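J.: Chain residues, written in single-letter form:
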Amino acid sequence: MQDLSVALSTAVALIFDWDSDLREIVTLSLQVSLTAVFIAALIGLPVGAAVGLLHFRGRRLVIAAMNALMGLPPVVVGLLVYLLVSNSGPLGELQLLFSPAAMVIAQCVLVTPIIAALTRQTVEDLNEEYAEYLRSLGAKPLQRVVTLLWDGRFSLLTAVLAGFGRAIAEVGAVIIVGGNINHVTRVMTTSITLETSKGNLSLALALGLILICLSLLANLAVIGVRDVAQRRYG
Amino acid sequence: MSLNGVTVKPSVTLAPPQLDEGGAAALLPLKVVELGFQVRGQALLEGISFELDTHATTVVLGPNGAGKTLLLRLCHGLLSPSTGKITWGRSSPGEAAARIAMVFQNPVVLRRSVLGNVTYPLRLRGVPRAQRRSRALTALERTGLAALAARPARALSGGERQRLALARAWAMEPEVLLLDEPTSNLDPQATHTVEELVRSLRASGVKILMTTHDLGQARRLADDVLFLNQGRLLRHMPVERFFNAPEHSAIEAFVRGDLLL
Numbered sequence: 000m001q002d003l004s005v006a007l008s009t010a011v012a013l014i015f016d017w018d019s020d021l022r023e024i025v026t027l028s029l030q031v032s033l034t035a036v037f038i039a040a041l042i043g044l045p046v047g048a049a050v051g052l053l054h055f056r057g058r059r060l061v062i063a064a065m066n067a068l069m070g071l072p073p074v075v076v077g078l079l080v081y082l083l084v085s086n087s088g089p090l091g092e093l094q095l096l097f098s099p100a101a102m103v104i105a106q107c108v109l110v111t112p113i114i115a116a117l118t119r120q121t122v123e124d125l126n127e128e129y130a131e132y133l134r135s136l137g138a139k140p141l142q143r144v145v146t147l148l149w150d151g152r153f154s155l156l157t158a159v160l161a162g163f164g165r166a167i168a169e170v171g172a173v174i175i176v177g178g179n180i181n182h183v184t185r186v187m188t189t190s191i192t193l194e195t196s197k198g199n200l201s202l203a204l205a206l207g208l209i210l211i212c213l214s215l216l217a218n219l220a221v222i223g224v225r226d227v228a229q230r231r232y233g
Numbered sequence: 000m001s002l003n004g005v006t007v008k009p010s011v012t013l014a015p016p017q018l019d020e021g022g023a024a025a026l027l028p029l030k031v032v033e034l035g036f037q038v039r040g041q042a043l044l045e046g047i048s049f050e051l052d053t054h055a056t057t058v059v060l061g062p063n064g065a066g067k068t069l070l071l072r073l074c075h076g077l078l079s080p081s082t083g084k085i086t087w088g089r090s091s092p093g094e095a096a097a098r099i100a101m102v103f104q105n106p107v108v109l110r111r112s113v114l115g116n117v118t119y120p121l122r123l124r125g126v127p128r129a130q131r132r133s134r135a136l137t138a139l140e141r142t143g144l145a146a147l148a149a150r151p152a153r154a155l156s157g158g159e160r161q162r163l164a165l166a167r168a169w170a171m172e173p174e175v176l177l178l179d180e181p182t183s184n185l186d187p188q189a190t191h192t193v194e195e196l197v198r199s200l201r202a203s204g205v206k207i208l209m210t211t212h213d214l215g216q217a218r219r220l221a222d223d224v225l226f227l228n229q230g231r232l233l234r235h236m237p238v239e240r241f242f243n244a245p246e247h248s249a250i251e252a253f254v255r256g257d258l259l260l
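Residue numbers (numbering that gives the first Met the number 0), protein chains in the order written: chain A, 0 to 233; chain B, 0 to 260.
None of these hints come from the bench; they were simulated from the model.
A hint or two may mislead.
Unchecked claim - Pulled from the structure, derived: some chain B residues nowhere near chain A, Cβ distances all over 10 angstroms: (1) LYS30; (2) HIS75; (3) PHE103; (4) ARG132; (5) ASN184; (6) THR192; (7) ARG218.
Unchecked claim - Simulated restraints, written as ranges between beta carbons of each label pair: (8) PHE37(A) / SER81(B): 31 to 41 angstroms; (9) ASN184(B) / ARG59(A): 28 to 38 angstroms; (10) ASP226(A) / GLY143(B): 28 to 38 angstroms; (11) ARG230(A) / GLU172(B): 30 to 40 angstroms; (12) PRO187(B) / LEU219(A): 20 to 30 angstroms; (13) ALA149(B) / ILE222(A): 17 to 27 angstroms; (14) ARG128(B) / VAL61(A): 30 to 40 angstroms; (15) GLU172(B) / ARG58(A): 15 to 25 angstroms; (16) HIS54(A) / SER81(B): 18 to 28 angstroms; (17) GLY35(B) / HIS54(A): 24 to 34 angstroms.
Note that the coordinates shown come from a computational prediction; the quantities given were computed from them, not determined experimentally.
Don't be surprised by glycine CBs; every beta carbon is placed ideally from N, CA and C.
Construct all of the structure, not just a fragment, from the sequences and the given hints.
T.: Following this line, the structure appears as C-alpha cells:
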C-alpha cells in the first residue's frame with residue numbers, strides 16, 4: 000500500500016512535470032493510433048457499407064468473418080505482421096520492422112474489422128428503413144451510399160471511436176512489431192510493460208493514468224456523440 | 000386554395016391527357032391491364048384492369064389486406080407485376096417514376112432537419128441548389144410546418160411527420176401523387192389538414208391516386224373509386240354511384256360497415 004501511494008504521488012508529479020520522455024511516448028502513441036484508425040476508417044467504412052448493401056455469394060460468411068475478426072488477439076496480429084515485414088517476409092524490402100510504420104500496420108489490422116463490422120450493421124439497418132423511399136425518389140447507387148453514410152454518421156463515428164479505444168490500449172501487437180525501442184517505437188502500453196518489469200512503478204503508473212484518461216475520453220466521446228444524436232436526430 | 004378557405008370541388012372531368020410544358024409525353028391515361036402479383040404461388044392481386052384518364056382524385060378502397068398498397072407500389076414501379084401490364088401514357092412505371100411522388104403509410108423520416116428532409120428529394124431530382132431552399136420553404140408553409148423547419152425531423156409527432164411527407168412530395172412538383180393511407184392513425188384535426196392539402200394539390204392539377212379504408216374520407220375526397228377485395232378489383236365507378244347504387248353485394252356490405260370475410 001505504501002508502494003502504491005508513493006508511486007501514485009510520483010506519477011502525478013511526473014504527469015504535471017510533463018518531461019520530454021513522457022511527452023515523446025504519449026505523442027508517439029497518439030500518432031501511431033490516430034494514423035492507424037484513420038487508415039482503418041478509410042478501408043473499413045466503404046467495405047462495411049459495401050457488405051451491408053450488396054448481395055453476393057458468401058455474404059454471410061464475410062459477415063461472420065468480419066465479426067469474428069473484431070476479437071482478433073493482438074499478439075497473433077503482431078506475429079502475422081512481424082512475419083509480413085521481417086527481412087524474409089513479403090514486405091521485407093521496405094525495412095519496416097521495428098518502426099512506427101509497422102505498428103501502424105498492426106493496429107490497422109486490429110481496428111479495420113471493428114470499423115467494418117460496425118459500419119456494416121449500421122448501414123444495413125438504415126438501408127432496411129430507407130430503401131423503399133430512396134428507390135421511390137430514384138436515388139442512384141452512389142447517392143444511396145452517401146445518404147446512408149451521412150444519416151448514419153453518429154453511429155459510424157461511434158464505430159471509429161471504438162476502434163481508437165482498441166488501438167490505443169493494445170500492447171501485444173505493437174510490442175512484437177515495434178520492439179519497444181527507446182525514442183523510436185516506445186508507446187504507452189509497451190513502456191508500461193517495460194517499466195513495470197524494471198520496477199519503475201511510478202513511471203508505469205503515470206503512463207497508465209494517462210492511458211486510462213485517454214480511453215475514458217474516447218468512451219465519453221462515444222457516449223456524448225450518441226447522446227447528441229439521440230437528442231437532435233432521434 | 001388557401002388552407003382555411005372553402006374549397007370547391009371541380010367536376011369529375013378535368014383536363015384530358017395532353018403534352019405538358021416540357022414536351023414530355025403525358026402520364027395519363029394510366030392503363031392497368033390484367034395485372035397480377037404472386038408471392039410464392041399465392042395470388043395477392045389477380046386480373047386487375049382499369050384505366051384512369053382524368054386528373055380526378057381516385058381512391059382505392061377496400062378492407063385491410065385487399066392489396067391496396069401493393070397496387071400503389073406496382074403503379075410506382077417499386078415492384079414488377081407477375082402478370083399483366085401497367086403503362087403511364089406511353090411510359091413504363093420505371094420511366095414515369097421520376098415524375099411521380101409517393102407518400103408511404105409510415106413515411107421514412109431522414110435523420111436531418113425538417114427543411115433538410117424537404118430539400119433532399121429536390122437534390123436527387125436535380126433541382127438547382129438556388130431553388131431548393133425556397134421551394135422547400137414554400138412547401139413547409141403550405142403544410143403548416145414552416146415554424147419547425149430547423150427542427151430535427153425525427154422529433155416530429157405522427158401528424159407532423161405525415162404533413163412533412165406531403166410537403167416533401169409537394170415540393171417535388173410531381174404530376175402524379177400516390178398516397179398510401181395518408182391519415183391512418185391521425186387525429187381529426189391532423190386528418191382535416193391533410194385532406195385540405197390533398198384537395199389543393201388536386202386543384203393545382205396533380206393526379207391523385209390514394210388508398211384508404213376510411214369510408215368518410217373516400218366520400219370527402221374521391222371523384223372515383225376503385226374497390227378492391229381479396230386481391231380483385233370488384234368495381235371502378237364514380238363516387239356517387241359507389242355509395243348510392245354500388246350494384247354489388249360486397250360493396251353494399253362494406254359501405255354498411257360489415258366485415259368482408
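J.: Please settle this one: ARG218(B) was flagged as non-interface, so is its CB more than 10 angstroms from every CB on chain A?
T.: With a cut-off of 10 angstroms, ARG218(B) remains clear of chain A, as the shortest Cβ separation is near 28 angstroms.
J.: Range hint 28 to 38 angstroms: satisfied by the CB atoms of ASN184(B) and ARG59(A)?
T.: holds, 37 angstroms
J.: Is 24 to 34 angstroms a correct range for the gap between the Cβ atoms of GLY35(B) and HIS54(A)?
T.: Given about 26 angstroms between the Cβ atoms, the range holds.
J.: ASP226(A) and GLY143(B), beta-carbon distance inside 28 to 38 angstroms?
T.: holds, 31 angstroms
J.: Verify the CB-CB distance for GLU172(B) and ARG58(A) against the hinted window 15 to 25 angstroms.
T.: Cβ of GLU172(B) to Cβ of ARG58(A): about 39 angstroms, so the range 15 to 25 angstroms is violated.
J.: Taking the minimum C-beta separation from LYS30(B) to chain A, is that value above 10 angstroms?
T.: Label holds. Min Cβ-Cβ 21 angstroms, cutoff 10 angstroms.
J.: Over 10 angstroms from every CB of chain A: does THR192(B) meet that, or does the non-interface label fail?
T.: About 22 angstroms separates THR192(B) from the closest Cβ of chain A, which puts it past 10 angstroms; holds.
J.: Between PRO187(B) and LEU219(A), does the C-beta distance stay in 20 to 30 angstroms?
T.: 47 angstroms Cβ-Cβ, so the 20 to 30 angstroms window is violated.
J.: Cβ-Cβ distance between ARG128(B) and VAL61(A): within 30 to 40 angstroms?
T.: Cβ of ARG128(B) to Cβ of VAL61(A): about 39 angstroms, so the range 30 to 40 angstroms holds.
J.: A range of 18 to 28 angstroms was offered for this pair. Does it hold for the Cβ distance of HIS54(A) and SER81(B)?
T.: holds, 21 angstroms
J.: Within 30 to 40 angstroms or not, the Cβ separation of ARG230(A) and GLU172(B)?
T.: holds, 34 angstroms
J.: Using Cβ atoms and 10 angstroms as the threshold, tell me whether ARG132(B) really stays out of contact range of chain A.
T.: Holds, since 18 angstroms exceeds 10 angstroms.
Hint check: violations occur at hints 2, 3, 8, 12, 15; the rest are consistent with the structure.
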